[in-house]
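S.K.: Listed below, chain by chain, are the residues.
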Amino acid sequence: MARITKEERKTNIISAALKLFSEKGFYITTIPDIAEKVGMSVGNFYNYFTSKDILAKELVMYISEYLGESIRKINDQDITTEKKTYEIVSMYFNMADERPEMIEYFLRVYLSNREVFGDGCEGMICVSPFVTEMMMFFNDGVESGDLHDQDFFSAFGLFMGYLGGMVFLFGEKILPEPLEWYKESISQNIYNALKTR
Amino acid sequence: MPSKQDKKPSIIWFQGVTCNGNTHSFLNLENLDKLLNKFEILSHPSLPSTKDFDTITNCTLVCDIFIFEGTYDPLMKRNDVLISKVVEHYAKNAKYVIALGSCASFGGMFKASAPHRNSGLLFNEQEKSGPLLNVQTKIINISGCPIHPEWLAYTLSMIEKEREVEIDDLHRPIELYSTLAHHGCTRNEYFEWKVDADGFGEKEGCLYYKQGCRAPMTHASCNKILWNGVSSKTRVGTPCFGCTEPDFPRQNLFSTKTNMSIPEDVPLGVPKRSYLTMAGIAKTFHINRLEGKLIDYKTTD
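Going line by line, the protein sequences match chains A and B. Numbering of the first sequence is given in the working numbering, commencing with residue 57 and proceeding in unit increments. Numbering of the second sequence is given in the working numbering, commencing with residue 64 and proceeding in unit increments.
The following block holds chain A by itself, in its conformation from the complex (with noise of 0.2 Å):
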């Protein structure tokens, strides 16, 4: 059987912490929890991730790479803006439907305990890769003459507050059909709202 080298052994702890922080709580999630979960000793846990509060930040930086890659890839396409749109809808559903703890992390741990997050992830510092690449799906979509231009919040609130918004819905388990029903009408409903009037 192959080694499992150390950068695969950082994936496995990333994940494992992952489901642990948005299933438990960040607080109560300890490293020991976490070292078993990944089946290695406290020690060696240590080797990878310094204290509790760098592992929570490099999940957060993780998330948004990982975000910020998959929105690069449908930017990158010649496609319509409202295309873009029903596309980086459908990521984030897929994803959360199929990762739920990434967004579930995002969202309950990253936006609910600004203290851990305040010294070194502050503002664009860990969400940088994610936010980017929706400067540059908003900067591109008024560009092409597809969108109005408006104040970049405006709109950035609008799309990201909507879907996790839905998927918060999701994971209470409140919506009464799966994520991949609303696609449509929710990637339609945004569109509608930033295009060219």
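None of these hints come from the bench; they were simulated from the model. Among these hints, one or two may not hold up.
Here are the simulated lysine to aspartate or glutamate pairs, EDC-like style, with alpha carbons at most 20 Å apart [unchecked claim]:
#1 B:Lys320 / A:Asp207
#2 B:Lys257 / A:Asp207
#3 B:Lys335 / A:Asp207
Pair ranges (Cβ atoms, derived) [said to hold, decoys possible]:
#4 B:Gln314 / A:Tyr83: 54 to 62 Å
#5 A:Met147 / B:Gly264: 45 to 53 Å
#6 A:Gln206 / B:Thr347: 19 to 27 Å
Keep in mind that this is a model prediction, so the values were computed, not measured. Idealized CB from N, CA, C, for every residue including glycine.
Put chain B on the given structure of chain A with help from the hints.
M.R.: Structure of chain B alone, referenced to chain A:
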């Protein structure tokens, strides 16, 4: 009889559709007399000249350096002679043709008076389709609205010393136009930390984000070779208008075009994605010293 060594290069300075801005700017050259002593001025709109204007428009002379100021309008007449005839004659016989100012270089401000026919001598904005295509190897564009007097002085001095004036793709001297107007701007620290200027004429803040400054994408040496030896537009709190570039004049010179708060044009050669990443992170931090009046900041608090 003067020896060959005493023979000064001769200059004819001829105007098309112009506001005289480059003429006036050149008259502000420090040590103008020393430079002029190296040349024979056959004709100039404001300086003592050895030939009258009738002689110039008769097209019986030749000169070493033909300086053309203003937009080229093929239907314009001077002294009842089409300027197209005058330009063709002197450009054909001169060693160098200097298109002086953005109008002569690319069409500039006065292209708007007849956009379908007016242009620069070699370029129509960035398209190389002007009337002097057949003598293009002689042409040096000194763009600017107006030109800095030192830019012309440099070019003339190089010619007088028989040294090669290297030019860029737009025929501008590389020595003068390889840098950006941004280089040397005293507001660069504000640019780095993404701190906007509140308004015009302020000492503090960068003019790129809101006030329309084109310095990070404009080839010019305005903050390197200072105006009147002391200042520049950006130093006194006015945005760079990008007046040395072929797309000058643009619309809405005093505001930055943005798409959803994101600058449409980012610094030259920087991918927009990279710029947004860097700018977003820089904006996260708030540097107190850069957010207030410089004279109010105390280091001893």
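S.K.: Now, for every hint given, state plainly whether the structure supports it.
M.R.: Taking the hints in turn, this is what the structure says about them:
1. B:Lys320 / A:Asp207: holds (13 Å)
2. B:Lys257 / A:Asp207: holds (17 Å)
3. B:Lys335 / A:Asp207: holds (18 Å)
4. B:Gln314 / A:Tyr83: 54 to 62 Å: holds (55 Å)
5. A:Met147 / B:Gly264: 45 to 53 Å: Holds, at about 48 Å.
6. A:Gln206 / B:Thr347: 19 to 27 Å: Since the Cβ atoms of A:Gln206 and B:Thr347 sit about 22 Å apart, the hinted range of 19 to 27 Å holds.
In the structure shown, no violation is registered for any of the earlier numbered hints.
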